[in-house]
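Undergrad: Residue strings, one per chain:
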Amino acid sequence: MPEPFLELVDISKTYPGVVALDHVDLKVAPGEVIALIGENGAGKSTLMRVLGGVVEPSGGLIRVDGVERGSFTVGEAIQAGIAFVHQELNLFDNLDVAGNVFIGREPVHGGPLRLIDRKALYAKVRPLLERLGADFEPDAPLAELSLAQHQLVEIMKALSLDARLVIMDEPTSSLTLTETDRLMRVIAGLKADGVSIIFITHRLNEVMQCADRAVVLRDGRMVGALTRAELSPAAMIRLMIGRDLRSLYVPPAAAPGEAVLDIVEAVTDTYPERAVSLSVRRGEILGLAGLVGSGRTELARAIFGVDPLRGGAIRLDGAPVRIASPRAAIEHGIYLVPEDRKSSGLLLDVSIAENISLPDLSSYLRLWLVNTARETENARRQRERLKIRTPDVETAVGSLSGGNQQKVVLAKWLSMRPKVLIFDEPTRGIDVGAKQEIYDMLRRLTDAGVAVLMISSDMEEVIGVSDRIAVMHEGAISGFLDRSQFSEHNVLQLAVGHTI
Amino acid sequence: MNKKDLSLLVLILVVGAVVTFINPRFLLVGNLSNTANQVGMFGIFSIAEAFVIIIGGIELSVGSVIALLGVLFIDLIVNHDVNWMLAFAAIIAGGLAIGLVHGTLVTRMHIQPFVVTLCGLLIYRGAARYYTEDATAGFGFGASFPTLEWLTAGRTNVLGFPLPHSVVALIIVATVAWVLLHRSVFGRYLYAVGKNEEAARYSGIRSDRVVISAYIICGGLTAFAAILIAMYTRSISPAVHGSFYELYAIAAAVLGGCSLRGGEGSIIGVVLGTVLLQVLQNLVNLLGIPSSLNFAVMGTVILIGVLGDQYLVQRRRATTAKAKPQANVAAAPLERANAE
Numbered sequence: 001m002p003e004p005f006l007e008l009v010d011i012s013k014t015y016p017g018v019v020a021l022d023h024v025d026l027k028v029a030p031g032e033v034i035a036l037i038g039e040n041g042a043g044k045s046t047l048m049r050v051l052g053g054v055v056e057p058s059g060g061l062i063r064v065d066g067v068e069r070g071s072f073t074v075g076e077a078i079q080a081g082i083a084f085v086h087q088e089l090n091l092f093d094n095l096d097v098a099g100n101v102f103i104g105r106e107p108v109h110g111g112p113l114r115l116i117d118r119k120a121l122y123a124k125v126r127p128l129l130e131r132l133g134a135d136f137e138p139d140a141p142l143a144e145l146s147l148a149q150h151q152l153v154e155i156m157k158a159l160s161l162d163a164r165l166v167i168m169d170e171p172t173s174s175l176t177l178t179e180t181d182r183l184m185r186v187i188a189g190l191k192a193d194g195v196s197i198i199f200i201t202h203r204l205n206e207v208m209q210c211a212d213r214a215v216v217l218r219d220g221r222m223v224g225a226l227t228r229a230e231l232s233p234a235a236m237i238r239l240m241i242g243r244d245l246r247s248l249y250v251p252p253a254a255a256p257g258e259a260v261l262d263i264v265e266a267v268t269d270t271y272p273e274r275a276v277s278l279s280v281r282r283g284e285i286l287g288l289a290g291l292v293g294s295g296r297t298e299l300a301r302a303i304f305g306v307d308p309l310r311g312g313a314i315r316l317d318g319a320p321v322r323i324a325s326p327r328a329a330i331e332h333g334i335y336l337v338p339e340d341r342k343s344s345g346l347l348l349d350v351s352i353a354e355n356i357s358l359p360d361l362s363s364y365l366r367l368w369l370v371n372t373a374r375e376t377e378n379a380r381r382q383r384e385r386l387k388i389r390t391p392d393v394e395t396a397v398g399s400l401s402g403g404n405q406q407k408v409v410l411a412k413w414l415s416m417r418p419k420v421l422i423f424d425e426p427t428r429g430i431d432v433g434a435k436q437e438i439y440d441m442l443r444r445l446t447d448a449g450v451a452v453l454m455i456s457s458d459m460e461e462v463i464g465v466s467d468r469i470a471v472m473h474e475g476a477i478s479g480f481l482d483r484s485q486f487s488e489h490n491v492l493q494l495a496v497g498h499t500i
Numbered sequence: 001m002n003k004k005d006l007s008l009l010v011l012i013l014v015v016g017a018v019v020t021f022i023n024p025r026f027l028l029v030g031n032l033s034n035t036a037n038q039v040g041m042f043g044i045f046s047i048a049e050a051f052v053i054i055i056g057g058i059e060l061s062v063g064s065v066i067a068l069l070g071v072l073f074i075d076l077i078v079n080h081d082v083n084w085m086l087a088f089a090a091i092i093a094g095g096l097a098i099g100l101v102h103g104t105l106v107t108r109m110h111i112q113p114f115v116v117t118l119c120g121l122l123i124y125r126g127a128a129r130y131y132t133e134d135a136t137a138g139f140g141f142g143a144s145f146p147t148l149e150w151l152t153a154g155r156t157n158v159l160g161f162p163l164p165h166s167v168v169a170l171i172i173v174a175t176v177a178w179v180l181l182h183r184s185v186f187g188r189y190l191y192a193v194g195k196n197e198e199a200a201r202y203s204g205i206r207s208d209r210v211v212i213s214a215y216i217i218c219g220g221l222t223a224f225a226a227i228l229i230a231m232y233t234r235s236i237s238p239a240v241h242g243s244f245y246e247l248y249a250i251a252a253a254v255l256g257g258c259s260l261r262g263g264e265g266s267i268i269g270v271v272l273g274t275v276l277l278q279v280l281q282n283l284v285n286l287l288g289i290p291s292s293l294n295f296a297v298m299g300t301v302i303l304i305g306v307l308g309d310q311y312l313v314q315r316r317r318a319t320t321a322k323a324k325p326q327a328n329v330a331a332a333p334l335e336r337a338n339a340e
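Line by line, the protein sequences are chains B and V.
Residue 234 in the UniProt record's numbering sits at position 234 of the first sequence; the count goes up by one each step and never skips.
Residue 37 in the UniProt record's numbering sits at position 37 of the second sequence; the count goes up by one each step and never skips.
Bound-form chain B, shown alone (with noise of 0.2 angstroms):
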């Protein structure tokens, strides 16, 4: 392994009263892959932030090719070379490609007007392009392409740049596993050309897949690192929660009872030559598995009246039930976690008591009017309940974690009386603890008699929490798996379309 040429020795970021880093180090050679892992809160954004220049250390300093600072602006990070591809983009879908890599630089004509120079900017794009292997031209509308081609637009944007490091913010989240499969390539190529990459992720076998090295965080401590030969996904879990992950699954109180959500024949506007066939048993965790794509969310869209179903039918306790709002659908029990609880879960400024109220708001009247005791009195049982931490009730949602932020959708939904939940992956973007707590409410509203259906893209979850998965694949259900035949490849297998 060659030299480093950027080090962070003893790095520390103070906020008033709270240590976000903690004498941190940190070294990146030429062509290095590394890993950021820890779970949310461990400093990692901080971290890179501070690489960023974003964000001032409060103690320690950077060296960068021997020369050291204390600290970087962004500028003197970009010139060091050191690059940012953001967990949510920062480009312009009003733009073609070429007018984002080079937004800012753009190559002009001669003259007053400094009109912009098209021709050499496509001819500069064209080889940060090839050199990535996409597959869109330079001067496709960026609004026409997928987010994870957004992705490499971002990372053409670090390489026309110079850069020599680039970070990474969770990249795959949202990308399908063949656009990760691309991604992984990307960033094999970037490492044969000498680039250091640093990513974050929550996904431990892109770590097994890419990294050279991982680098724990833990409360703002570095706490491990594995090199290549060390890694696992035991270690890292270890090291990430400071103890053994005890196995997810927690087998229910009683077998399930009788199907109580019937989905027959049902056809989607994605899919509209395809139909789904499922059921969930009360007292049941019914796992449904895909790639990204397959047509889960519509399925959960149409069930909860979002959108229409395009044909079949839904039976509720075995009697066929219309569905044509998502009011119909919460009159008849059947609940939603959406998949983006920000835009469709809550209402962010709005206080934790009267976004658990909104749905069911007609229960709590007194002549006429809305009794605001009795909200925050319900608010306040549901946050003993679900451990949602905050001092206060009143408190503004967006204020509050992602855990605690998805504990309050869940909120909502408990203070009704759930027949059916269905979750739209219930915990992308959470914790490990809070997942944790999340798992077992599942399973405590199973008990109860509660029918789940859980959508998820995460394989530890899907095969972690179910008692029963189904998997789909391009609109129609390719496959049910019992517990004993749950695995990893059985559930890619069926994924793509294979039978096991």
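Incorrect hints may appear among the rest.
[Claimed, not checked] Computed list of chain B residues with no C-beta within reach of chain V, every gap over 10 angstroms: (1) Ala329; (2) Glu331; (3) Pro338; (4) Ser344; (5) Asp349; (6) Glu354.
[Said to hold, decoys possible] Dumping the calculated DSBU-like pairs for lysine-lysine here, alpha-carbon to alpha-carbon at most 35 angstroms: (7) B:Lys191 <-> B:Lys27; (8) B:Lys387 <-> B:Lys419; (9) B:Lys342 <-> V:Lys3; (10) B:Lys342 <-> B:Lys387; (11) V:Lys3 <-> B:Lys27; (12) B:Lys191 <-> B:Lys124.
FYI, nobody ran anything at the bench for these hints, they're computed from the structure.
A virtual CB, placed ideally from N, CA and C, is assigned to each residue, including glycine.
The hints should help you fit chain V onto chain B, whose structure is shown.
TA: Using the frame of chain B, we list chain V on its own:
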């Protein structure tokens, strides 16, 4: 009353004190009573506007609706001898119908509210002018409706102050609107839809109906204001009657804490916003400022008010950020700027 309402009240008192200092006639009973009458009429259609702004929409046709319905009301009772109570009901129904049409176009046809109501602004103005052949509609010689006039444009002596009935109307409207917006389930739905329509829908709220209801309420209240204004002015030139009133309404709503992004605003704030605008108007008259500068003065004061508010919000946020570094400030800082 929240902090924002309170600072608005302080601003009104400061402006009032300054005007009094320069020209003590501001405090004359006659002047205050006339200003209050303006507040009454303008307050009602400003509250109407607030309903639409809170659900994230906009209503630009307020002034034209006031002209068209005003013309129709006078025409019905003066030229067609329609019983005034019947005419009153018909005009309110007309306002509700206009709201229904606007709300339906916005929700079912997915046309932007700005476009729908801009077209409304043009159409109703044109209709009013065509209907009267661009002539002034008014009460002919000897036409008299004593009960109606007393109810709408009269004043009752309360402790020596001639209280205009439009103010009584505003108090009733504002009270009902306050309870509806701040205490009822429907009010919660209005704010929820304004803040995040998708999340509201996922919580089982029929957001289309909520939006349409807001436009209907707006139309009905505007119609009510149209009658009060028609009875007060007693003659209507359809080309200019009520023009720019939608902007008074929007300004009052914004001063009162409504965010044009929706989901924010309080009834007390809107009423105070109306008061401030009318006091400013009064200021222009009393201080001998050329009346051509009327709008310029109002625009400047609104701008200063909004800037000052923004400054306070930012300062408050800076102090909270210092105290709580871990707080998640990423969540919609812009919305929060309008939340206080």
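Undergrad: So, for every hint listed, does it hold in this structure?
TA: Okay, the hints, checked on the actual structure:
A beta-carbon of chain V comes within 10 angstroms of the beta-carbon of Ala329 of chain B; the shortest separation is about 8 angstroms. Distance to chain V contradicts Glu331 of chain B as a non-interface residue, since its nearest Cβ pair spans about 8 angstroms, not more than 10 angstroms. Consistency note on Pro338 of chain B: stated as away from chain V, yet its beta-carbon is not over 10 angstroms from all of that chain's, at 6 angstroms minimum. A beta-carbon of chain V comes within 10 angstroms of the beta-carbon of Ser344 of chain B; the shortest separation is about 5 angstroms.
Its beta-carbon lying about 5 angstroms from the closest one in chain V, Asp349 of chain B breaks the requirement of being farther than 10 angstroms from that chain. Not every Cβ of chain V is farther than 10 angstroms from the Cβ of Glu354 of chain B; the closest lies at roughly 7 angstroms, contradicting the non-interface assignment. Between Lys191 of chain B and Lys27 of chain B, the direct Cα distance comes to roughly 16 angstroms. Compliance with the 35 angstroms bound is thereby established for this hinted pair. Taking the CA atoms of Lys387 of chain B and Lys419 of chain B, the gap is near 22 angstroms; set against the 35 angstroms cutoff, the hint holds.
Distance check on the hinted pair: Lys342 of chain B and Lys3 of chain V sit about 28 angstroms apart at the alpha-carbon level, within 35 angstroms; holds. Between the alpha carbons of Lys342 of chain B and Lys387 of chain B the distance comes to roughly 20 angstroms, so the proposed pair stays at or under 35 angstroms and holds. The straight-line distance between the Cα atoms of Lys3 of chain V and Lys27 of chain B is roughly 51 angstroms, outside the 35 angstroms bound, and the hint therefore fails. Simply put, Lys191 of chain B and Lys124 of chain B have alpha-carbon atoms about 22 angstroms apart, close enough for the 35 angstroms limit, and the pair holds.
Consistency with the previously given hints fails for numbers 1, 2, 3, 4, 5, 6 and 11, ordered from lowest to highest.
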